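Number of protein chains: 2
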Amino acid sequence: MNKPITREQCLTLDKSDPLASFRDQFELPDGVIYLDGNSLGALPKKTAARLNDVITREWGGDLIRSWNTAGWIDLPRRVGDKIARLIGADAAEVVVADSTSINLFKVLAAALKLNPSRQVILSEPDNFPTDLYIAQGLIDLLGKEHELRLKPADEIFDSIDADTAVVMLTQVNYRTGRMHDMKAITARAHEQGALMLWDLAHSAGAVPVDLNSVGADFAIGCGYKYLNGGPGAPAFVFVPQRHQAKFSQPLSGWMGHAHPFTFDWKYEPAEGIARYLCGTQAVLSMSALECGIDTMLEADINLIRAKSLTMTDLFIELVEQRCAGYDLKLVTPRDHSMRGSQVCLSNVNGYSMMQALIARNVIGDFRAPDILRFGFTPLYLRYGDVWDAVDRFVEILETRSWDRDVHKQKAKVT
Amino acid sequence: MNKPITREQCLTLDKSDPLASFRDQFELPDGVIYLDGNSLGALPKKTAARLNDVITREWGGDLIRSWNTAGWIDLPRRVGDKIARLIGADAAEVVVADSTSINLFKVLAAALKLNPSRQVILSEPDNFPTDLYIAQGLIDLLGKEHELRLKPADEIFDSIDADTAVVMLTQVNYRTGRMHDMKAITARAHEQGALMLWDLAHSAGAVPVDLNSVGADFAIGCGYKYLNGGPGAPAFVFVPQRHQAKFSQPLSGWMGHAHPFTFDWKYEPAEGIARYLCGTQAVLSMSALECGIDTMLEADINLIRAKSLTMTDLFIELVEQRCAGYDLKLVTPRDHSMRGSQVCLSNVNGYSMMQALIARNVIGDFRAPDILRFGFTPLYLRYGDVWDAVDRFVEILETRSWDRDVHKQKAKVT
Chain P
31 MNKPITREQC
41 LTLDKSDPLA
51 SFRDQFELPD
61 GVIYLDGNSL
71 GALPKKTAAR
81 LNDVITREWG
91 GDLIRSWNTA
101 GWIDLPRRVG
111 DKIARLIGAD
121 AAEVVVADST
131 SINLFKVLAA
141 ALKLNPSRQV
151 ILSEPDNFPT
161 DLYIAQGLID
171 LLGKEHELRL
181 KPADEIFDSI
191 DADTAVVMLT
201 QVNYRTGRMH
211 DMKAITARAH
221 EQGALMLWDL
231 AHSAGAVPVD
241 LNSVGADFAI
251 GCGYKYLNGG
261 PGAPAFVFVP
271 QRHQAKFSQP
281 LSGWMGHAHP
291 FTFDWKYEPA
301 EGIARYLCGT
311 QAVLSMSALE
321 CGIDTMLEAD
331 INLIRAKSLT
341 MTDLFIELVE
351 QRCAGYDLKL
361 VTPRDHSMRG
371 SQVCLSNVNG
381 YSMMQALIAR
391 NVIGDFRAPD
401 ILRFGFTPLY
411 LRYGDVWDAV
421 DRFVEILETR
431 SWDRDVHKQK
441 AKVT
Chain U
31 MNKPITREQC
41 LTLDKSDPLA
51 SFRDQFELPD
61 GVIYLDGNSL
71 GALPKKTAAR
81 LNDVITREWG
91 GDLIRSWNTA
101 GWIDLPRRVG
111 DKIARLIGAD
121 AAEVVVADST
131 SINLFKVLAA
141 ALKLNPSRQV
151 ILSEPDNFPT
161 DLYIAQGLID
171 LLGKEHELRL
181 KPADEIFDSI
191 DADTAVVMLT
201 QVNYRTGRMH
211 DMKAITARAH
221 EQGALMLWDL
231 AHSAGAVPVD
241 LNSVGADFAI
251 GCGYKYLNGG
261 PGAPAFVFVP
271 QRHQAKFSQP
281 LSGWMGHAHP
291 FTFDWKYEPA
301 EGIARYLCGT
311 QAVLSMSALE
321 CGIDTMLEAD
331 INLIRAKSLT
341 MTDLFIELVE
351 QRCAGYDLKL
361 VTPRDHSMRG
371 SQVCLSNVNG
381 YSMMQALIAR
391 NVIGDFRAPD
401 ILRFGFTPLY
411 LRYGDVWDAV
421 DRFVEILETR
431 SWDRDVHKQK
441 AKVT
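Chains as they are written, first to last, in our numbering: chain P, 31 to 444; chain U, 31 to 444.
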């Protein structure tokens, strides 16, 4: 084992951190170490003032005129263009709309239509459940000719074959933090004549993503995790230029129409990515998302990634140095190329331990059956926070205080 | 013609208006007469403070914990229960989610599944376009065995026949203000073995609706018009108890799962209305919607309806008394039982006239090809406003100032 890491070493890392100043752009409650930004990102300082302006001036003062004068009508594409810069997409290839689940329905329907001779949607059983549920709902609706085939993560590559219509994967696993090799799997899918659909829920704003470089066919992602868009923020959908004209998605609402304000009775899809819009979008929530993305765009994603890996390495090493003997198993891969921006530990008492941590203001979360999940968000976390989080964890373990806390704490379900 | 109506008579009406005090619950810009609350409702005074609290305290301060401690997880059903009281539904029959278009997709899929031997979706060509677009998208996805059959409004009743799977109508027409007889058409649909799906976009909060009394099978509606929920507010969906267990809708995201936080790979729909949820909901926008509905619930919908009819009668009579000779044709029915809460006039120069009105702070809107649309929202409009609006219209007509204004005003597309 390496020499014990000291708190002073962590504070020294903070002093030379090129991202250190970003913490000032967030509102964070005193004393809280927030390791759940992968579930709900923290509040950017600019958001409250911006939303107040949207509500009082744009809505209250200018009323219906703000659809034009405040640019509400352009929000989905404007914010989409900003997200495109974070995920290696071109302008006009991303639009913000609806939820991740609904956007998946749109592109999964597109993928099946574009690969009509094949029936299999290939995914993994440990994919985030809503992705699997949406696939099941679409298959049921289409009449069950299609099949959702599930293979463990490490068998996916070899399971892509001539039956595969589309490979549907979340790049970073929500429960383990394991990251797929996007380039290799996309290439394999194409070799086998399959399309590749990536869910970037735990990637966008957390790891560098280069969709067009790897040749991804479709992608979706979440606004309320690393993009700090606020609770239930709208999601995004990516369709590259080469696929946009080929298919008109089935949630064909008026905002995806070529001419929404001519009020024709017949649907005519808009040119380009706008056809992936459906109904009128939630302007307040989308305006908050824009604040989160604007904050994110000021940082270099490569610096974010470097800090994330240093932080997760530090957390792992501190846990191994200081929490040995408590049967905490590392679930997240050690290999940097296979790790997202979280560290997961398993323990049969994981639920109670996490409740005890939360009671001590170290906020991570728990995922059934036994996983303690810690998310690392380099924009607002300090190396000193990592040290302090493990320090509080050590105290909980040494005093077995989680054994009492479980009776005192109200169940936390999210 | 009746004796000319004076401004003083209108001010007298305001003095005895039992809803007069509600105007104080809204933020309205000085000097503006807002006749477009049927497109985007005005800002309730409580909304800005409430949203600031949701953002700074619930999100910023309590972070992920607010899904439980602030009740975010219950918002769709809690707000749904409140809307139920406005539309004659029972508790647990309405949920707030997504957009009107997306909710229509869910219930239209349900209706086709519950009436599997029939192929026809019956609607009118002048229905709000997104409803027709969604029907076309669903039919395309299902493989085109189904047919969208369009008949003019006054032929709908007689067109319901043994081929009709579902009748899909918007109760109050967005362009004309014409209102269908919900009771008679629903009864006719049931006589013929068809299901009845109502879009309440221009009804909820504007006219009394009693879904269970008329036996409606499905309904959807909009949060940002008469419910004053803010731009792009989430929409709602109604499914009566008797239909809830029969079908699991295809947008089967995790929030509609029986146990979303057990993270099973297999979709199992929630009991009851919750299965009409899909993904994570936009908490900020939904919190604003709740403020609008809370404001609406303080008023008696029958008083709202009575004032709406008095106001629209007044507007019609004033236009006929004072704007005669300008070829303004009344598009909205005079019969109260066939009129929603708007008055529409047609004129070949309607677009320019509306621009001139807006330039004089009388905000209505224009619908192609030739319709000037004026919405009346009894909670925040005064009879004096109606008189003043017509007075400014008279000035525009007499001076032909719309003829110049068209060159000065920037096009308004919504």
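Certain hints may be false.
Pulled a few chain U residues facing chain P out of the computed Cβ check, cut under 8 Å [what the hints assert, rightly or not]:
| # | residue |
| --- | --- |
| 1 | Leu171 |
| 2 | Gly223 |
| 3 | Thr310 |
Label-pair ranges, simulated between beta-carbon atoms [unchecked claim]:
| # | chain 1 | residue 1 | chain 2 | residue 2 | range |
| --- | --- | --- | --- | --- | --- |
| 4 | U | Lys75 | P | Glu298 | 17 to 23 Å |
| 5 | U | Asn82 | P | Glu301 | 37 to 43 Å |
| 6 | U | Val378 | P | Pro238 | 55 to 61 Å |
| 7 | U | Pro182 | P | Thr292 | 16 to 22 Å |
Calculated directly from the structure, the hints in this document are not laboratory data.
Keep in mind the model is a prediction, meaning the values are calculated, not measured.
Yeah, the Cβ is synthetic: ideal placement off N, Cα and C, and Gly gets one too.
Taking the hints in turn, this is what the structure says about them:
no.: 1; hint: Leu171; result: 4 Å, holds
no.: 2; hint: Gly223; result: 23 Å, violated
no.: 3; hint: Thr310; result: 5 Å, holds
no.: 4; hint: U:Lys75 <-> P:Glu298: 17 to 23 Å; result: 41 Å, violated
no.: 5; hint: U:Asn82 <-> P:Glu301: 37 to 43 Å; result: 39 Å, holds
no.: 6; hint: U:Val378 <-> P:Pro238: 55 to 61 Å; result: 57 Å, holds
no.: 7; hint: U:Pro182 <-> P:Thr292: 16 to 22 Å; result: 20 Å, holds
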